[in-house]
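Undergrad: Each chain, written out:
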Amino acid sequence: GENVEQHPSTLSVQEGDSAVIKCTYSDSASNYFPWYKQELGKRPQLIIDIRSNVGEKKDQRIAVTLNKTAKHFSLHITETQPEDSAVYFCAARAAGNQFYFGTGTSLTVIP
Amino acid sequence: SAVISQKPSRDICQRGTSLTIQCQVDSQVTMMFWYRQQPGQSLTLIATANQGSEATYESGFVIDKFPISRPNLTFSTLTVSNMSPEDSSIYLCSIQGIAEAFFGQGTRLTVV
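Keeping their order, the protein sequence lines are chains A and L.
If you count the first sequence from 1, position 99 lands on 99 in the working numbering, and the numbers rise without skipping.
If you count the second sequence from 1, position 103 lands on 103 in the working numbering, and the numbers rise without skipping.
Among these hints, one or two may not hold up.
With beta-carbon atoms standing in for the labels, derived distance ranges [stated by the list, open to error]: (1) A:A70 <-> L:I12: 20 to 28 Å; (2) L:D64 <-> A:N97: 19 to 27 Å; (3) L:P8 <-> A:I110: 34 to 42 Å; (4) L:T30 <-> A:R51: 18 to 26 Å.
List time: in silico DSS-like cross-link candidates among lysine-lysine, alpha-carbon distance up to 25 Å [unchecked claim]: (5) A:K37 <-> A:K68; (6) A:K68 <-> A:K57; (7) A:K42 <-> L:K7; (8) A:K37 <-> L:K7; (9) A:K57 <-> A:K22.
Simulated from the structure, these hints should not be mistaken for lab results.
Every residue, glycine too, gets a C-beta built ideally from N, C-alpha and C.
Sequences are here, hints too, so could you generate the full structure?
TA: Below, the structure written as structure tokens:
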């Protein structure tokens, strides 16, 4: 099955700085890569996604890049704010439509 | 997006007992998924539940421990059987929307 790795596990940045989280996946058949934000005690919520036929996607302060050849994708958050503090999960959707998640990154934005 | 209702939201159970978690969706979906999220950990896929067929389990999960029902296209249950403290976790049901996964609010299970 699919194996998704995520780094770093924890990340602290000063407010206004950028944060980058990286993921790799193993199954070349995976074709969709969402990113989820999970606040304490809440369910994961989709923040951005990218399909396998696209190399980059941006939505305001959030961007995602995908390198299919290398099987890695990254989340970029610019101008970070304290409310960006949460746990972020990358995921890959396998050919059978199951989602496999990375191990998570706990992001802390220091005011 | 679909509305996913999951219950119970939390429970404290004695070891050796079983708990059945229910997941109701407000629209018909072909596939439903069950995940486990242990404290401070990621979401681990337990199984995929298709209506009218047996669930497909991921490596490390077996039907005897986590039996799943899928009687129709809007409902599924996950049972955690013969519980031990190691089963203490959050269990989430999930469906796929147009592309992304949506989640129920989760069931926080504590086994004592």
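Undergrad: Now tell me, hint by hint, if it's right for this structure.
TA: Hints, one by one, checked against the model:
Separated by about 46 Å at the C-beta atoms, A70 of chain A and I12 of chain L break the suggested range of 20 to 28 Å. D64 of chain L and N97 of chain A have their C-beta atoms about 25 Å apart, which keeps the hinted 19 to 27 Å range intact. Distance hint check: the CB atoms of P8 of chain L and I110 of chain A are about 37 Å apart, consistent with the given range 34 to 42 Å. Between T30 of chain L and R51 of chain A, the C-beta spacing of about 20 Å keeps the proposed range 18 to 26 Å intact.
This hinted pair checks out: K37 of chain A and K68 of chain A have alpha carbons roughly 23 Å apart, not beyond 25 Å. A C-alpha spacing of about 14 Å is found between K68 of chain A and K57 of chain A, which places the hinted pair at or below 25 Å, so the restraint holds. For the hint pairing K42 of chain A with K7 of chain L, the CA-to-CA distance comes to about 15 Å; that is within 25 Å, so the pair holds. For the suggested pair K37 of chain A and K7 of chain L, the alpha carbons sit about 22 Å apart, so the restraint of at most 25 Å is met.
The straight-line distance between the Cα atoms of K57 of chain A and K22 of chain A is roughly 15 Å, inside the 25 Å bound, and the hint therefore holds.
Hint 1 alone, counting from the list given before, is not met by this structure.
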